[in-house]
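**Student:** Chains as they are written, first to last, in our numbering: chain B, 21 to 133; chain F, 727 to 842.
Only true hints are included.
As a list, the in silico DMTMM-like pairs of lysine to aspartate or glutamate whose alpha-carbon atoms are at most 25 angstroms apart:
no., chain 1, residue 1, chain 2, residue 2
1, B, Lys58, B, Glu121
2, B, Lys58, B, Asp105
3, F, Lys775, B, Asp116
4, F, Lys784, F, Glu741
5, F, Lys784, B, Glu121
6, B, Lys37, B, Asp79
7, F, Lys795, B, Glu121
8, F, Lys784, B, Asp116
9, F, Lys775, B, Glu121
10, F, Lys794, B, Glu121
11, B, Lys58, B, Asp82
12, B, Lys58, F, Asp811
13, B, Lys64, F, Glu814
14, B, Lys58, F, Glu814
Chain F stretches covered by chain B per the calculated footprint, using a threshold of three residues with CB under 8 angstroms from any CB of chain B:
no., segment
15, 759-771
16, 829-835
Hints are computed from structural coordinates only; laboratory data are not their basis.
The beta-carbon is built from N, C-alpha and C at its ideal position, and this holds for glycine as well.
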Amino acid sequence: DAMVIQNPRYQVTQFGKPVTLSCSQTLNHNVMYWYQQKSSQAPKLLFHYYDKDFNNEADTPDNFQSRRPNTSFCFLDIRSPGLGDAAMYLCATSRDRGFTEAFFGQGTRLTVV
Amino acid sequence: AQSVTQLGSHVSVSEGALVLLRCNYSSSVPPYLFWYVQYPNQGLQLLLKYTTGATLVKGINGFEAEFKKSETSFHLTKPSAHMSDAAEYFCAVSDGRGSTLGRLYFGRGTQLTVWP
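Isolated chain B, as found in the complex (with noise of 0.2 angstroms):
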């Protein structure tokens, strides 16, 4: 079945050290999302990707970085991790910007210790 696969679902890094989440797609969506979600709140948008062009929310802080090698591959990148980042990584995906629906993929749950 086409679908956003996330890896790993569950993450555990040490304060301070870099860590990578994956996210992959068999869809062939031109966007995809990357969303972090704390207990019991809403999903915040961190950043998207149109294609090739990176868009970053004004409140995203600069530890967090994003790549897109391929259509089907993207990664998020938390350089410095803290206590304070520790959430749940939704990615999603959805066919064009003017969309009708994101799907989402089962969400990596990053603990920082």
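Position chain F relative to chain B; hints supplied.
**Tutor:** Frame of chain B; chain F shown alone:
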């Protein structure tokens, strides 16, 4: 700018009872509206969406929602709750038709508990 308000962070119903989850939105353009469901430690799954056309939309698992422009509402209902409906529900609005940004704006979520 787009925003979503979900009234009630927690809703509890008995199995077999009506489920009503409230969502009001603010949008400067004709909106696209969505309801997503999230089970513990899972991603978001689309329940239903409104884009254009019929204002009463039916989704998966027996859920439906009605777009009421005059009330700026998009409440989610299900006639008879099932234990498996227990989850977190998010209402979302997009930038809308012809958007060049493609963002989804989520409400804070409503946790639905279903009692046996």
